[in-house]
Amino acid sequence: MNEIPRHIQLSSVGSEQEYFRYPEDIREEFIQTDDIEFRDGSRVTAAEVWEYLTTVGPVKFPNLYDTSNLFTGRLSRDVTLPFTLKHNYLLMTMHERMTKAKAQGHPIVFVQGGQSVDPYYAAGAIALRPASTGIWARRQREGLTRNQDELEGQQDKQKAYNAISFEVCNSAGYEHIQEGNVPADMVAPYTALRCSDVSYGTEAHRHGPRSDQVKLLLVDYPLDHQKDKDWAIRYFADNVRRLIKNIDGLTGRTTTEDDLAREIKLHNEGRRLSVEIADLWWSAIDPPTNGKDRRDLFQLGGMEVHGDPVASLSILREAKGYIERRVRDGHKTKGVQDNAARLFVCGSCVFPNDYRCEEAGGIIVGNDNHWSDITTIINESGDPYYELAKGVLSYPYEQPLPERAKWTVEQIKKSRTDGVLFLYKWGCNTQSAIARLLVDEIKAQAGVPTIIIEDDMTRTQTEQLQNRVNAFIEMVS
Amino acid sequence: MTLKSVDVILKRLAERPAELAAARAAGAKVVGFQGYSLPEELIHALGLIPLRIGLGGSDRLVELGGRYISTKNCVYVRETVGLFADDTDPYINNSDIFAFDATCLQTFRTAEVVQYYFKKNVLIVGVPRNFYLEEAETYFTAELRHFVSRLEEFAGAKLSFEKLADSIALYDQIRDEILAIYEYQATARPLISWEEVFDVIQAGYVLDRRDYLGLLQALHDELAAGQGAAVIAGADDEARIFISGSVIPPGDKKLISIIDQLGGRVVGDDLWSGLIPYVEVDIKEPTIAAVAWAYLHRTPHGALPYLDLATDGRIARLKSLIGKFKANGVIYHTLRYCDPYTFKAKETKDILENIGIPLLELHTEYAGSDVEAIRTRVEAFIEMIKLKTETGVAA
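Residue numbers (the numbering used here), protein chains in the order written: chain A, 1 to 477; chain B, 1001 to 1395.
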């Protein structure tokens, strides 16, 4: 084992970089908490998680322990919430865990964010969205500082921009899949209205260097009042059948309706837990966690971020109890100011820096993207294909604007939002197109101030974005 | 020399707004539509007047549209929204209802914006992205049936087998005439230019379809009769250019005029605002299912993803048209934020390179600020093609 670096000398600037460490005084309490269970039946104890986060992680991934508040992905300082440690452990071990799962015969299927992954797991695959794909790829590089990690990430992205277009919004893991950093067997997302790049991004894989090794499939998501059209539901159900059949072709097994029904039940539990946690979180007078932990908790109900729904579910179950206690005890979260301005984020798959929002006197309390799918519980009786299709086609985020706005306003009211940020990624055609429309409707129905901001999705050069967000926080405070 | 029948078409085009207003005053109902997969035959067969709406080339309208839809949407979409905001376009103002399809997701968003801000009565037709699958035919047929049922309510009439058969026959004839006329522009000694044929095709977006067929037949006759007569002055055949990529709607003359000014000769296109919607549309019987099948089996629009490069019908069509029209270079026109075509630019360039056809991608908007930059690039491209032609290195 290499020595754990406490500082790294930055020779070019002659200064030392400080690194975060989990404080020893929380160890005893933490190691008494629950094990993480995995899909293959294995477990890891809290003591093992502690060991990894305090001895292995800092050596392998010093970049993740960077203390800068400019680092959006900075480790949460809320160390008494065991969820945050376990979530970080699962993300840090992504490479080892996914490599092991693939060796166990689970095909890797690339999907999109904001979609359910029940059918993929029912067929024995691992469904990874762009963020998880990026995490897997980046956890293969050890010993990097944050700047080195950022630089390598940008270089990866350039490969995708060269192969597709500089106008591709985030390249959706193209570079990792086609460069072979992530050994994906299939690219098979739901198409959906949420992102036009999903379809064209999938199509682009047909000319990549690994095009002969990566199977391509689109699970075609029909548009326009789709949930009210029986033919649209049946069409999507047929697409899901085709998806499962194709995954079966990779595994050599036959997925049954019971397999799908079981998986839906499992994922429903995750979705319900996240919704319950959200209701608890929103019911508290003071936010029971910081914004980043809130987001991670809420999104966990998607059951896909760790590449192992059983693991996600196991830490979600435990987290609910902690949030209940915090809400009951009137817990005040370090770093969150009293009477912080409560912000709701709409739009693309981008976010402002939670920590800096909190420094400015705000806190992000909710978002529409990566949430509307989680709030959609699938009916567990009847034909699982049809019921899954019916549920998926009813995602509020994918509905015609009046319905999407109505649902968004409900979330805004439940979360007691003071102001709405509509953020869209540069080049995100379909979300930017309705930015004004949605916020106009929100203003009319909820009476809260709104702002539309374009984000270029870089992690370090966010000062202009943050300036605007901070000014907005000041206004709504 | 402009052909007499082309002059007549242009004259009829100028008269059309007043004609539409008169028809509406007499009780006719008009459907303004936009989208590649929206079968006009169905609108026409219900006794409604179809108008394909949308213009290009106006920076003012783009700016106006950008107040409602995002500046990250393509200029065609923004200008379409701008037309609604401006409220002076005779075709939009003479439409009673609007239909959009979801071939391009930005068109779908346009429909939402138009409905919300301009309180228009809007119908949307869902289009399967997996258009090549059997289940997609079932879905699209159901979408078209739903579309027809809503149009029937609007029209106060039922779609009949006979009327649909008549409309399909009419549109088949229009398509045949367009294909025939298109051949003339690509000949070595043309009587008509590609630009004129392009204008004639786009005139058909708004003209009465029966009148339009008559006008096309007259043009076809005039071209047939004039074979061997005087050719277009300056029809230089050394740089035969094929245009591919994003839509070039009526009003957008920027790129075409630059090519023309620099001595390039456009001889073909696969634009959805040009030739391609008329190629191999095979409606086998007068039913909605047959219409759905035919529209799904046309050359696919770039916004409909196809996952196997080797069997992609759009690429195959592009190659065959380049060969047919003996083009020796492709100008691939992409509008900013037009993802369907922009994402395919490099791929298309690589494919054509393998068959010896050079491709120049021009990524642009309607603003005039890049005209000189485009001119320089087109000039160099044409010069290169001419050099290749002269030295016999052409494909």
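The hints are simulated quantities; they were obtained by calculation from the structure and are not laboratory data.
Note that beta-carbon positions come from the ideal geometry of N, C-alpha and C, so glycine has one too.
Among the clues, some could well be false.
[Claimed, not checked] The calculated DSSO-like cross-link candidates involving lysine-lysine, where the alpha carbons are at most 30 Å apart (straight line), are:
| id | chain 1 | residue 1 | chain 2 | residue 2 |
| --- | --- | --- | --- | --- |
| 1 | B | K1319 | A | K425 |
| 2 | A | K406 | B | K1120 |
| 3 | B | K1120 | A | K157 |
[To be verified] A partial selection of chain A residues facing chain B, derived with a Cβ cut-off under 8 Å:
| id | residue |
| --- | --- |
| 4 | V56 |
| 5 | V59 |
| 6 | Q158 |
| 7 | T202 |
| 8 | A232 |
Hint by hint, here is what the structure shows:
1. B/K1319 x A/K425: Cα-Cα ~35 Å, so violated.
2. A/K406 x B/K1120: Holds, at about 21 Å.
3. B/K1120 x A/K157: The hint is violated at about 42 Å.
4. V56: violated, 40 Å
5. V59: violated, 40 Å
6. Q158: violated, 13 Å
7. T202: holds, 6 Å
8. A232: holds, 7 Å
When the structure is compared with the earlier hints, violations turn up for hints 1, 3, 4, 5 and 6 and for no others.
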